[in-house]
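Trainee: One-letter residues, chain by chain:
Protein chains: 2
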Amino acid sequence: MFNADPEDPEAQSASELVPQVSAALDAGDGAQARTLTADLKTPDLADVIELLSPDNRVGLISALGTAFDYEVFSELDETVRNQLSEALPNEFLAKAATELDTDDAAYLIEGLDADDRQAVLDQLPTSDREALERNLEYPEETAGRLMQADFVAVAPFWTVGQVIDHMREAADLPDQFTEFFIVDPTFRVLGSVELSRLLRTKRHVRVDTIMNEDRHVVLASADQEGVARQFERYGLMSAPVVDAQKRLVGVVMFDDVVDVIKEEAEEDMKKLAGVGDESLADSVYETAKSRVPWLVVNLGTAMLGSLVIQQFDATIEQMVALAVLMPVVASMGGNAGTQTMTVTVRALATNKLGPVNAPRVITREALVGLVNGLILSMIIAVVVFLWFGSSKLGAVIGAAMIVNLFAAAVAGILIPLVLDHFDLDPAPASGVFVTFVTDVVGFFAFLGLAAWLLF
Amino acid sequence: MFNADPEDPEAQSASELVPQVSAALDAGDGAQARTLTADLKTPDLADVIELLSPDNRVGLISALGTAFDYEVFSELDETVRNQLSEALPNEFLAKAATELDTDDAAYLIEGLDADDRQAVLDQLPTSDREALERNLEYPEETAGRLMQADFVAVAPFWTVGQVIDHMREAADLPDQFTEFFIVDPTFRVLGSVELSRLLRTKRHVRVDTIMNEDRHVVLASADQEGVARQFERYGLMSAPVVDAQKRLVGVVMFDDVVDVIKEEAEEDMKKLAGVGDESLADSVYETAKSRVPWLVVNLGTAMLGSLVIQQFDATIEQMVALAVLMPVVASMGGNAGTQTMTVTVRALATNKLGPVNAPRVITREALVGLVNGLILSMIIAVVVFLWFGSSKLGAVIGAAMIVNLFAAAVAGILIPLVLDHFDLDPAPASGVFVTFVTDVVGFFAFLGLAAWLLF
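Quick mapping for you: the protein sequence lines, in order, are chains S and W. FYI, in numbering that gives the first Met the number 0 the residues of the first sequence are 0 to 454. FYI, in numbering that gives the first Met the number 0 the residues of the second sequence are 0 to 454.
Just so you know, these hints were derived from the structure itself, not from any lab. Treat the hints with care, since some could be wrong.
It does not matter which identical chain is meant; a pair holds if it fits inside one copy or across any two.
As a list, the in silico DSS-like pairs of lysine-lysine whose alpha-carbon atoms are at most 30 Å apart [as the list claims (entries may be wrong)]:
1) Lys-261 / Lys-40
2) Lys-40 / Lys-245
3) Lys-288 / Lys-391
Same shape as in the complex, but just chain S:
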């Protein structure tokens, strides 16, 4: 009954089931696959489905039959869900859409082509179809798509007792809710009352005397990342969603945004690495197409580094050890620059870096660059002296290392700051510029100092 271990052994064991489930399905033994997955919780079953091959995903859902919980669709990766909804029959999707909350039903059929989508909608009961069509009118990744259409709203003159009695009798309440809303006759939100507040108040009290008027209201057309940021920032459990006329049209609950909250940090990570919004289920073509542009841009900056090296080809011909060592200087600059840049990009994304503390943080990063440059320059100078037996070469590479790690630190903080200042997203672009700086400065400092001091 209890899952007292936070390392979540259920999730672990669910993944471990996959080879057996896969083997059962390959052998056409649907009953065995059903038995194996019978006790899984919804998110664990979703994990199993994602880890199966595309054919076996459909096979497992067929094998589960009526035991299949449609909520699984809400937990699936978007690409996997879209592939499944294309593969499954429209009757099945219509049944699922009837059972699911509006927002989850919309996720399920949004990936279908127009004909299939209409075929599914046509099979739905009128009220479900209308709610779903309204939801699908909002663009993807907006609050209108995230929200569920069921909520409790009452007039300001109702008493606590009336609200409690209403909730006991009403048939169409949402499955889970933590607050209800007070609206005027045109459905504008006047305030909200948390259920815990309702329960602590005497029956005869009017709800408008206990309502919280200072609510975070979300526009249905608002971008979901902005909504997630508000939830996170203000510790919200749920938020009312209003249309352009400020009328209450739905509620976004915490569990609808938790994935968005997580993805926001993940997105910056992927952008820094030059990876788009890709899924493990994407095809080779889609993946290659999304990754090539960033590689081509980096090819351009790498060739600019080559141009710098070319200026010193005569020097390299005189002493080929320079060619042996020059990538070390450039790559250490790249590594140190990436450290500073990553910290800066996250600080900007989380509002921790602004005009007032920027000078202080820039100074700190520059000093860290100098300190780390000194430490690494001593190590490399000693190693190079022992390796090539030249104290002069050791001194040159040590000096170049200090210069490049200082440049890396300054570039690592200034480039994201400047991009952000011009309202450009610093995550995808910073890396290209920082590597460019550390390549050019690294090669120029090392080869330039060598040409000047060694011959």
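Chain S is fixed; fit chain W onto it per the hints.
Mentor: Just chain W, lined up with the frame of chain S:
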């Protein structure tokens, strides 16, 4: 009253206030600083404080006096909070600790040295002090620290009506709660009831007939990241916390874990870049100390790349253009490897990659590596032919590019998978190994092919 814009202009304008607040504090005009920040919501005031200089942070809190909302401490970056709690008088901290929830009070004083901490604790009312001491007995970053000690627990034979009447009368209820617990006489959790369920049920019904027995229970000693993963995975609003004897001791609420959820993804990002759990408020010494080890390890792998180059020093002496171009091959491999590695590390962290789908994903990545290698090799071959006038050199660098991008893709997926298989965290270590592979393969393929084909 309403904040209908999801881009959160309040947060924006809060940051924009900082220069004015800073100037007012520098001029000793506390009244002006107070006026400027009077209307800020708690998280926005926390942002302003973080962006101020350390002296002005204390200055602003003094200027705000009784208008200062102690909840601000809960929103602050840990390092800033610790610096502030050291700088503020113990009487002030004791006042704050009395007002705050147990978990937030613990965050406030956990950074103090033992003497100061005891001095604060001694000034607290007995019940607050005992709750806080109990909380502080749990190690940092555990559920025991995250939880609040206030909750509602009733016996299984109570009726819905009794619970509602109890909640109306009880004085010591938590500020915000969404469910209550059913416990046996030894305080073991039998189940829970959501408030929305309670409200929809008739007064005479016994609570044990409507309780949810299939609860996620969290051990007080459990790591907070595991707790956050459960909240995220199962869409929890709150979770009961039990001690080693399975007795209910507290509740973790959604808003306590939302930061942990977010930090988990952020941590992987920082680990990939070789950055520890650092804060913008850390000193130069702390920052340099945390970043140097990763740089030293990378220095080691970069020097191994140099060893490869050295094997071909005679070849480079014959044709210095090789030295000009070789960093391009290595750095493109590094970039492509980083793309694959980032996707793999995130897939592993989110349970999307397991033994069954690994062969499929490895094949896909290898093919993507080949496709991207082909595209980039064509570009570089043409550029090098035009630049150096040698079609042979163009062919050699093109071939080396294909080899290295293929190696980068395979290393980018296999290295995190192998590390994960041996229960090592793939995020911090993968980058070092991947760069090592792409450096060695890049230099070896390009210089080796050149030595073989060009002379």
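Trainee: Now tell me, hint by hint, if it's right for this structure.
Mentor: Evaluation of the provided hints:
Taking the closest pair of Cα atoms, Lys-261 and Lys-40 come within 30 Å of each other both inside a single copy (21 Å) and across two copies (24 Å). Only between protomers do Lys-40 and Lys-245 lie at most 30 Å apart by alpha-carbon distance; the minimum there is 23 Å, versus 38 Å within a single protomer. Taking CA atoms no more than 30 Å apart as the test, Lys-288 paired with Lys-391 passes between copies only; the shortest distance there is 29 Å, against 48 Å inside one copy.
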